[in-house]
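Chains as they are written, first to last, in this note's numbering: chain A, 5 to 218; chain B, 112 to 174; chain C, 296 to 958.
Be careful, since some hints might not be right.
As the list claims (entries may be wrong) - No more than 30 angstroms apart at the CA atoms, straight line, and that leaves these computed lysine-lysine pairs for BS3-like:
1) A:K107 with A:K33
2) C:K462 with C:K317
3) A:K174 with C:K790
4) A:K67 with A:K6
5) C:K462 with C:K318
6) C:K542 with C:K509
7) A:K154 with C:K704
8) C:K704 with C:K790
9) C:K462 with B:K146
10) C:K642 with C:K844
11) C:K462 with B:K159
12) C:K392 with B:K146
13) C:K318 with C:K527
14) A:K167 with C:K704
15) C:K462 with A:K174
16) C:K318 with B:K146
17) A:K171 with C:K704
18) B:K146 with C:K585
19) A:K171 with C:K392
20) C:K392 with A:K174
21) C:K361 with B:K159
22) C:K527 with C:K540
23) A:K113 with C:K542
24) B:K146 with A:K174
25) C:K790 with A:K167
26) A:K33 with A:K128
27) A:K27 with A:K10
28) A:K174 with C:K704
29) C:K392 with C:K317
30) C:K585 with A:K174
31) B:K146 with C:K922
32) C:K851 with C:K950
33) C:K542 with A:K167
34) A:K107 with A:K67
35) A:K171 with C:K790
36) A:K27 with A:K64
37) B:K146 with C:K704
38) A:K27 with A:K67
None of these hints come from the bench; they were simulated from the model.
Now for the letters of each chain:
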Amino acid sequence: MKLSDKAEEILEAMWIAIEENGKEFADIKEIGIDPEDQSYAELTGLGLIALKERRAYFIKEGKEEGRQTIRRHRLAERLLMDVLDIRGEEGDRRACQFEHLLKEGIDTKVCIMLNHPATCPHGKNIPQGECCSEARNSGNLGVLPLTELKANEEGEIAFIQTKDSNKMHKLMAMGVLPGNRILLLQNFPSYIFRIGYSEFAIDTDMAREIFVRQ
Amino acid sequence: MHCGFCGHDFNEKEGIQGCKNCPMAAGCKMIKCPKCNYENPAEPFWLKRLKVFFTKGASKSLL
Amino acid sequence: MSLFRKNRSYHAGQSASVSAAKKVALVGNPNVGKSVLFNVLTGSYVTVSNYPGTSVEVTRGVSTIKGQPFEIIDTPGMYSLLPITEEERVARNILLKESPDVVIHVLDARNLERMLPMTIQLIEAGLPTILVVNIMDEAERIGISIDIPRLSARLGIPVIGAATTTKRGVSEIRRSIAEFDPRQQVNFNYTSKLENDLSEIASLLRGEYRLSHKAVALLLLQRDNEVAELVKRLEGSGYQDIAVKVKEKTFDRRESFHLDLSMERRAIVTDLIRDVFKAPDKRKVTFSEKLSRWTVRPLTGIPLLLIILYFGLYQFVGVFGAGTVVDFLEKKVFEGIFTPWITEVVKHLIPWETIQELFVGEYGIITLGIRYAVGIILPIVATFFLFFSILEDSGYFPRLALLVDRLFKRIGLSGRAVIPMVLGFGCDTMATMVTRTLETVRERIIATFLLALAIPCSAQLGVILALLSKEKGALFVWGGFMLLLFLSVGFLASKVMPGDRPIFYMELPPMRLPQWSNVLTKTYTRMQWYFIEILPLFILISILLWFGKITHLFEKMVEWFSPVMASLGLPKETAVAFIFGFFRRDYGAAGLFDLQTQGLLDARQLTVAAVTLTIFIPCVAQFLIMKKERGLKIALLIGVMVSCIAFGSGYLLNKLLMITEIL
Numbered sequence: 005m006k007l008s009d010k011a012e013e014i015l016e017a018m019w020i021a022i023e024e025n026g027k028e029f030a031d032i033k034e035i036g037i038d039p040e041d042q043s044y045a046e047l048t049g050l051g052l053i054a055l056k057e058r059r060a061y062f063i064k065e066g067k068e069e070g071r072q073t074i075r076r077h078r079l080a081e082r083l084l085m086d087v088l089d090i091r092g093e094e095g096d097r098r099a100c101q102f103e104h105l106l107k108e109g110i111d112t113k114v115c116i117m118l119n120h121p122a123t124c125p126h127g128k129n130i131p132q133g134e135c136c137s138e139a140r141n142s143g144n145l146g147v148l149p150l151t152e153l154k155a156n157e158e159g160e161i162a163f164i165q166t167k168d169s170n171k172m173h174k175l176m177a178m179g180v181l182p183g184n185r186i187l188l189l190q191n192f193p194s195y196i197f198r199i200g201y202s203e204f205a206i207d208t209d210m211a212r213e214i215f216v217r218q
Numbered sequence: 112m113h114c115g116f117c118g119h120d121f122n123e124k125e126g127i128q129g130c131k132n133c134p135m136a137a138g139c140k141m142i143k144c145p146k147c148n149y150e151n152p153a154e155p156f157w158l159k160r161l162k163v164f165f166t167k168g169a170s171k172s173l174l
Numbered sequence: 296m297s298l299f300r301k302n303r304s305y306h307a308g309q310s311a312s313v314s315a316a317k318k319v320a321l322v323g324n325p326n327v328g329k330s331v332l333f334n335v336l337t338g339s340y341v342t343v344s345n346y347p348g349t350s351v352e353v354t355r356g357v358s359t360i361k362g363q364p365f366e367i368i369d370t371p372g373m374y375s376l377l378p379i380t381e382e383e384r385v386a387r388n389i390l391l392k393e394s395p396d397v398v399i400h401v402l403d404a405r406n407l408e409r410m411l412p413m414t415i416q417l418i419e420a421g422l423p424t425i426l427v428v429n430i431m432d433e434a435e436r437i438g439i440s441i442d443i444p445r446l447s448a449r450l451g452i453p454v455i456g457a458a459t460t461t462k463r464g465v466s467e468i469r470r471s472i473a474e475f476d477p478r479q480q481v482n483f484n485y486t487s488k489l490e491n492d493l494s495e496i497a498s499l500l501r502g503e504y505r506l507s508h509k510a511v512a513l514l515l516l517q518r519d520n521e522v523a524e525l526v527k528r529l530e531g532s533g534y535q536d537i538a539v540k541v542k543e544k545t546f547d548r549r550e551s552f553h554l555d556l557s558m559e560r561r562a563i564v565t566d567l568i569r570d571v572f573k574a575p576d577k578r579k580v581t582f583s584e585k586l587s588r589w590t591v592r593p594l595t596g597i598p599l600l601l602i603i604l605y606f607g608l609y610q611f612v613g614v615f616g617a618g619t620v621v622d623f624l625e626k627k628v629f630e631g632i633f634t635p636w637i638t639e640v641v642k643h644l645i646p647w648e649t650i651q652e653l654f655v656g657e658y659g660i661i662t663l664g665i666r667y668a669v670g671i672i673l674p675i676v677a678t679f680f681l682f683f684s685i686l687e688d689s690g691y692f693p694r695l696a697l698l699v700d701r702l703f704k705r706i707g708l709s710g711r712a713v714i715p716m717v718l719g720f721g722c723d724t725m726a727t728m729v730t731r732t733l734e735t736v737r738e739r740i741i742a743t744f745l746l747a748l749a750i751p752c753s754a755q756l757g758v759i760l761a762l763l764s765k766e767k768g769a770l771f772v773w774g775g776f777m778l779l780l781f782l783s784v785g786f787l788a789s790k791v792m793p794g795d796r797p798i799f800y801m802e803l804p805p806m807r808l809p810q811w812s813n814v815l816t817k818t819y820t821r822m823q824w825y826f827i828e829i830l831p832l833f834i835l836i837s838i839l840l841w842f843g844k845i846t847h848l849f850e851k852m853v854e855w856f857s858p859v860m861a862s863l864g865l866p867k868e869t870a871v872a873f874i875f876g877f878f879r880r881d882y883g884a885a886g887l888f889d890l891q892t893q894g895l896l897d898a899r900q901l902t903v904a905a906v907t908l909t910i911f912i913p914c915v916a917q918f919l920i921m922k923k924e925r926g927l928k929i930a931l932l933i934g935v936m937v938s939c940i941a942f943g944s945g946y947l948l949n950k951l952l953m954i955t956e957i958l
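Isolated chain A, as found in the complex (with noise of 0.2 angstroms):
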């Protein structure tokens, strides 16, 4: 559904106002957009929302759209925040702009690269997406320092991510390699892992280094 970027403004002020703050309507005063605009008649057409003496509710698939929305605005706000690394006012303003082109597909490839993230940077939710619950029932957790691995969990090395050429060495001499499986034996008071028929311990700092795939 292709929505004006205003239109889309006012489905997220309805969406926090009636999902988040609990209330049964969006008082078209506090959205923040001109009463008199025409993106309410957008929606109106649209079937997305309907007005009753400047109260807006949600009718039909309105919710379902405010809710993507929404998504799509705090997804924004995460990647440039943790990708981009804009913070603060400039973030806010920047996320606002950026989430109008998250659409047809580019929230999902954002949402996978950001590791499907629960919330946005102000602490609130994000809405999930279809790849969120298929990740959460693949029990896929994309790629995870070695730190987060249960004992006796396996995977496959991903990447080692250190700029301590010694300590790239010393991985490395313990066969340590992207490809290689990793299985985890324990966790405390040290790593233990198996790499092949060998077992090798290491500290805290070096297992964050390492990067497994699931």
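Keeping the supplied structure of chain A fixed, place chains B and C upon it in accordance with the hints.
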């Protein structure tokens, strides 16, 4: 020889003998593992001779 | 020195033949027994030199096989033809620039699947490769079987199953080197898309490379700068086209080329080892593995450690070694038989009383020096080293290291430092030397300090255990105090000392039942070393003490010390033990032993004396090593701090015990 700490197998010649410039009376006969630096005691000479004697005998009979 | 000598003989005797000799390069991961194979092949004609322009050492040697000379090169560890580290770069440069006639890839049979991709790369590069599947004995032990002839047929190169530590397969390796036929090659095919990309690039290459064009193309695709430089040099004007093509292909595959490539190689390996590599379906969880699990889980590992310490150190070394055996040797053998006899003999032979004193007097060489060495120290170190060697041979130490790593991090050390600490219970001097192996200067200084301060050496420990176990509670006060001191001083030191957090990593070799031949050899060697080391010192100290006695210097020193002793609530005779202790810690403890036997110390005094003496100044040898390893400034600083802490702790503990009346 077999390192007592990390289990690395190495040749005595590879091991690091740090004790040569040690100020202690007789110097020690420790051989350090090239991998983990653990100090392993060297086999005494006579024991080595004994082992060589036996293994030589064995391999000769095989040939 | 010995290296230098070998060097010269090598050049004098062999240089003419070396130039004509064929070259054999050993390549492979670290820790697969490459160096053992190298030594087996070469014997003693070995040179070690830095590879030009690097700090990486390369070892070369000569071997004569079937009357033909071969130069054997032991390359640094290598995981793939695409280098990441400097060592790998050097290893590849040897392959590229020195054009070895034979390349021997050594790998670990247990990890065949993981290491075969490298073999594939070598073959693909057109290098004259022999594969040595090493560590077969261990692999077979855990139930792995490898069909070597079939693997050889599939790879199209000679493959030899070996266990180089027991020389298995070595004669076959020598034969393969001598009879090597470089023509046998098999092609491994990637997916058609990758093959197309590679051949598009390879078809543009005109130059003569040491590696096959396909391998060069593959390295170009992996954006290997060194190879790109080489291609630029060799191709001249043609390089432009190649660079464009490579850029185009790498861009196409930018998302996951490395991943794709490793997947494709893995697929090839999977085909190669089908029906060749058979591992037991279910890993047999052996008893040694179960035991290993128990030792590393805190819940079971810590009780297990305490049990080991109780039975090993307390019961075996303390009660049996320092108690039963010392009693027997001291009382029965020395006091009962040997001392009276030798005193008679000496008095018979030497008429002068002063000289008699030197041998059989209060501080006589025989009656003090040798009695201490044989009667008190020998049984204690013997039992300690036996206990130590059993633990060592079972593979327990790495597990101990990982168990304490978290705690040790708090005191600025990594778990690895448990080795010098454990060795310190043997001999602090030896342990101080081992601190050199810790990764950072910070760790070394902290470890040196703690060794000097809170770790009693085996002889001292044994004697102290024997002393204190006679007084109920004294042992616990002593033990608790030392542990508290160790942790709190370590914690403070780690706060004061600047520097990086240490890192900890460690391979866990399988645990095994200690082999008695190993244990006895190690115990024997350690004891022999220790004894040769201490006996002259004990004799020397006896002479010094005798000298001090006849010149009355010694009595004066005891006088000087008596105010210090008095402030600790100790009789002035204890000063003797402290003066002994400076020469050797164990000697000092043995002196304390003597005092207690004479009934001069009560429980409180004994505990205070034991604590002070344990902390007090390291022996002369340890001090010298400290100076050598850490420099005079730090050694002196540690010495002064240790002395202050020793007497300070003694003073406080004495007051504390007097007030609380625990003892």
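Hints, one by one, checked against the model:
{"no.": "1", "hint": "A:K107 with A:K33", "verdict": "holds (28 angstroms)"}
{"no.": "2", "hint": "C:K462 with C:K317", "verdict": "holds (23 angstroms)"}
{"no.": "3", "hint": "A:K174 with C:K790", "verdict": "holds (27 angstroms)"}
{"no.": "4", "hint": "A:K67 with A:K6", "verdict": "holds (16 angstroms)"}
{"no.": "5", "hint": "C:K462 with C:K318", "verdict": "holds (22 angstroms)"}
{"no.": "6", "hint": "C:K542 with C:K509", "verdict": "holds (17 angstroms)"}
{"no.": "7", "hint": "A:K154 with C:K704", "verdict": "holds (23 angstroms)"}
{"no.": "8", "hint": "C:K704 with C:K790", "verdict": "holds (11 angstroms)"}
{"no.": "9", "hint": "C:K462 with B:K146", "verdict": "holds (21 angstroms)"}
{"no.": "10", "hint": "C:K642 with C:K844", "verdict": "holds (19 angstroms)"}
{"no.": "11", "hint": "C:K462 with B:K159", "verdict": "holds (16 angstroms)"}
{"no.": "12", "hint": "C:K392 with B:K146", "verdict": "holds (28 angstroms)"}
{"no.": "13", "hint": "C:K318 with C:K527", "verdict": "holds (28 angstroms)"}
{"no.": "14", "hint": "A:K167 with C:K704", "verdict": "holds (21 angstroms)"}
{"no.": "15", "hint": "C:K462 with A:K174", "verdict": "holds (28 angstroms)"}
{"no.": "16", "hint": "C:K318 with B:K146", "verdict": "holds (27 angstroms)"}
{"no.": "17", "hint": "A:K171 with C:K704", "verdict": "holds (17 angstroms)"}
{"no.": "18", "hint": "B:K146 with C:K585", "verdict": "holds (26 angstroms)"}
{"no.": "19", "hint": "A:K171 with C:K392", "verdict": "holds (29 angstroms)"}
{"no.": "20", "hint": "C:K392 with A:K174", "verdict": "holds (27 angstroms)"}
{"no.": "21", "hint": "C:K361 with B:K159", "verdict": "holds (28 angstroms)"}
{"no.": "22", "hint": "C:K527 with C:K540", "verdict": "holds (14 angstroms)"}
{"no.": "23", "hint": "A:K113 with C:K542", "verdict": "holds (27 angstroms)"}
{"no.": "24", "hint": "B:K146 with A:K174", "verdict": "holds (11 angstroms)"}
{"no.": "25", "hint": "C:K790 with A:K167", "verdict": "holds (25 angstroms)"}
{"no.": "26", "hint": "A:K33 with A:K128", "verdict": "holds (23 angstroms)"}
{"no.": "27", "hint": "A:K27 with A:K10", "verdict": "holds (22 angstroms)"}
{"no.": "28", "hint": "A:K174 with C:K704", "verdict": "holds (19 angstroms)"}
{"no.": "29", "hint": "C:K392 with C:K317", "verdict": "holds (14 angstroms)"}
{"no.": "30", "hint": "C:K585 with A:K174", "verdict": "holds (27 angstroms)"}
{"no.": "31", "hint": "B:K146 with C:K922", "verdict": "holds (26 angstroms)"}
{"no.": "32", "hint": "C:K851 with C:K950", "verdict": "holds (27 angstroms)"}
{"no.": "33", "hint": "C:K542 with A:K167", "verdict": "holds (27 angstroms)"}
{"no.": "34", "hint": "A:K107 with A:K67", "verdict": "holds (17 angstroms)"}
{"no.": "35", "hint": "A:K171 with C:K790", "verdict": "holds (24 angstroms)"}
{"no.": "36", "hint": "A:K27 with A:K64", "verdict": "holds (17 angstroms)"}
{"no.": "37", "hint": "B:K146 with C:K704", "verdict": "holds (22 angstroms)"}
{"no.": "38", "hint": "A:K27 with A:K67", "verdict": "holds (13 angstroms)"}
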